[in-house]
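Please model the complete structure; the sequences and the hints are all you need to start from.
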Amino acid sequence: MSSIADPVAGTPRSDAATAPDAKAAAASSAPAIALPVAGERELRLDLFRGMALWLIFIDHLPTNILTWFTIRNYGFSDATEIFIFISGYTAAFVYGRAMLEAGFVVATARIMRRVWQIYVAHVFLFTIFLAEISYVATRFENPLYSEEMGIMDFLKQPDVTIVQALLLRFRPVNMDVLPLYIVLMLFLPIVLWLLKWRADVGLALSVLLYALTWHFDWYLTAYPSGFWIFNPFAWQLLFVFGAWCALGGAARMSRILSSPVMLWICIAYLTFAFFVTLTWHIPQLTFLMPKRLEQWMYPITKTDLDVLRFAHFLALAALTVRFLPRSWSGLKSPWLRPLILCGQHSLEIFCLGVFLAFAGHFVLAELGGGAVTHALVSVAGILIMWGVAWVISWYKHSADKGASKTKGTVINADMAGGSA
Amino acid sequence: MRPGSGAVLVLTLLAGLAAAGSARAQDAATPQACDVPPYLLSTESTLPKVAEAVKNARPLTVLVVGSRSSTILASESSAYPAKLQAALKEKLPSIPVNLSVELQTGKTAEEVDPGLVKLVEAKRPTLVIWQTGTVDAMRSVDPDDFRSAIDEGVVALQNAGVDVVLVNLQYSPRTETMISAPPYLDNMRVVAQQHSIPLFDRFAIMRHWNDAGDFDLFSTFHGTDMAKRVHACLGRALSKFVLDAARLDQAQQN
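Protein sequences, first through last, are from chains A and B.
Take the first sequence: its letter number 225 is residue 225 in this note's numbering, and every next letter is one higher.
Take the second sequence: its letter number 24 is residue 1024 in this note's numbering, and every next letter is one higher.
Possibly wrong hints are sitting among the right ones.
Unchecked claim - Only pairs whose alpha carbons sit at most 25 Å apart, straight line, appear in this in silico BS3-like list of lysine-lysine:
hint : chain 1 : residue 1 : chain 2 : residue 2
1    : B       : K1107     : B       : K1240
2    : B       : K1089     : A       : K291
3    : B       : K1049     : B       : K1089
4    : B       : K1240     : B       : K1228
5    : B       : K1228     : B       : K1107
6    : A       : K156      : B       : K1107
Unchecked claim - From chain B, some residues computed to sit far from chain A (all C-beta separations above 12 Å):
hint : residue
7    : P1038
8    : K1055
9    : S1077
10   : S1100
11   : D1113
12   : E1152
13   : G1161
It should be emphasised that the hints constitute simulated quantities derived from the structure, not laboratory data.
Keep in mind it's a predicted model, so treat the numbers as computed, not measured.
Where is the CB? At the ideal position from N, CA and C, for every residue including glycine.
Written out as structure tokens, the structure reads:
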């Protein structure tokens, strides 16, 4: 979903070349060009967004061998953090420039169009989810799970459920990210305006909102009960921080980022997080954890973007920026091409990933299957994501060449089928 | 997140997959073994009241408080509480083992709380086994509220002078896309740690059986047969867990 930037990136094509302010060095590169030539796009963003998409997909499937390669097993933060941060970064980069060149109203209008696209994508996914659930509900009657199957009861009152889903209040498991994204994007115009006016004030306000959320326990309620799994009041911090970095913050921080002290702090913290995580997987090690520390640290909430998670992401990001220069030749290597391709079409590929996760569950449920099938489903999913990303970029670069820039989602593109 | 080797890594991985996978599948060849790795059955926390009762040869009274996953509809005698009782009787032949089950169907932890102490007063158990979390997860109760609910419940039980064992959710792969278990599992673990009470990790154990091929928990099997077998295994595992936590394992076993 971070992809927001993507399609948009295609639209205001020309602007890319003129960086908003020369200082946005770090941000810089990313000319939003989506033409085959692909100018100086910031490939690192695409790469990590693509990686986040793959990891999110794998994390959404039942545990299998590939799960051990997802970062959440090695530290506090996971792919969601990467995703939201890059989303904020790219969104600010693209729409920030639009705001500078075309003004607040036009930029807002473009953002709202993007919000609409994400919303439609969400509803589309919900429909697929409904289909899957309805099928499972009628076929599956294992008495072992008679209690758990009660979750299907919502099917008995579709009038309420579907309306609540359209209001983003009813969100099945694994469908929480797009609603978060929609809300974050809705407020992007204000965020951008603030950041343009006084970047640090904007960031400070975001931190303040985060702190107040923690202090007063603010949250959004969900249907039929509960709350939003990703609390937008807390997660906005990461999004705004991404935007702040894109609009020059990253460049201003480069001094700090390259200092050796920073390096060691990051390494120390990541190591610490790694060992803590290790005790989750190897309960025999739990005795090594001081009780005091446990009581202070746990639970590390994902809903409210725990500070420990945020810090973990920052440390990862700092090391990445340090050791992976924008000019790194590996970014052009064909081996990383699939990741970058997926990252360049993130809304489409994200939605596809959610769908494939549903489908994967479904296949596993129907075929049964052991470790091999599980792993194969994951691998097949990733290959499909790559394939579709390739097709989408083919559409953009070849099929639609000359035609007006499409901003369609993969769904549209797919429907359009061979007509092109 | 190590980008450099990303794709290479993935590919190497794929290559290694087949091997690892088939090795795994072979383990699965022996069904119904339902062994549980020792680390899932050991706990640092203890059950002093249970240990004391057994050592003084007093009757052991167990109260299971749970939701619908603590029973099998229409065959309660095959559900894990009954199996637990049988296993305890077998391992503690010298003392009477009483067990009763109080189903709190469809109630969240918070809704169970007020009745806990009354139940204890009525049944006078030595040990309360509290199975919870499923209803909360299905209703996606705020995990913080869930945590404080269990916390209160556990404190109330401890104040009432009984030992407590928490039992968490079932591993239910079919509903994984609909019920988000992790926050509830985490919070139960936290509460158990804070109060030093044993947590029977039903979720991890069942997932282990599924992964090892002992049970295909994805299956759409309709009869109660598999449910009975799973519960028999759960009851046996739970008995080992309780005896281990009471540090009676070596001493009392025949």
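Outcome of the hint check:
For a cut-off of 25 Å, the pair hint linking K1107 (chain B) to K1240 (chain B) is broken: about 28 Å separates their Cα positions. Restraint check for K1089 (chain B) and K291 (chain A): not satisfied, since their Cα atoms lie roughly 35 Å apart, outside the 25 Å limit. A hinted pair counts as satisfied when its Cα atoms are at most 25 Å apart, and K1049 (chain B) with K1089 (chain B) qualifies at roughly 17 Å. Our distance criterion of 25 Å between C-alpha atoms is met by K1240 (chain B) and K1228 (chain B), whose separation comes to about 19 Å.
Of the supplied pair hints, the one linking K1228 (chain B) and K1107 (chain B) holds, its CA atoms being roughly 24 Å apart against a limit of 25 Å. Between the alpha carbons of K156 (chain A) and K1107 (chain B) the distance comes to roughly 20 Å, so the proposed pair stays at or under 25 Å and holds. The Cβ of P1038 (chain B) does not lie farther than 12 Å from every Cβ of chain A; its closest approach is about 9 Å, which violates its non-interface assignment. No beta-carbon of chain A is positioned within 12 Å of the beta-carbon of K1055 (chain B); the least distance is around 26 Å.
At roughly 14 Å, the least C-beta separation between S1077 (chain B) and chain A is larger than 12 Å, which holds for a residue marked as non-interface. Interface exclusion of S1100 (chain B) from chain A stands, the closest Cβ pair being 20 Å apart, more than 12 Å. Once the 12 Å rule is applied to beta carbons, D1113 (chain B) is consistent with being away from chain A; the minimum gap is 17 Å. Consistency note on E1152 (chain B): stated as away from chain A, and its beta-carbon is indeed over 12 Å from all of that chain's, at 17 Å minimum.
With a cut of 12 Å on Cβ distances, G1161 (chain B) stays outside the contact zone with chain A, its closest approach being about 24 Å.
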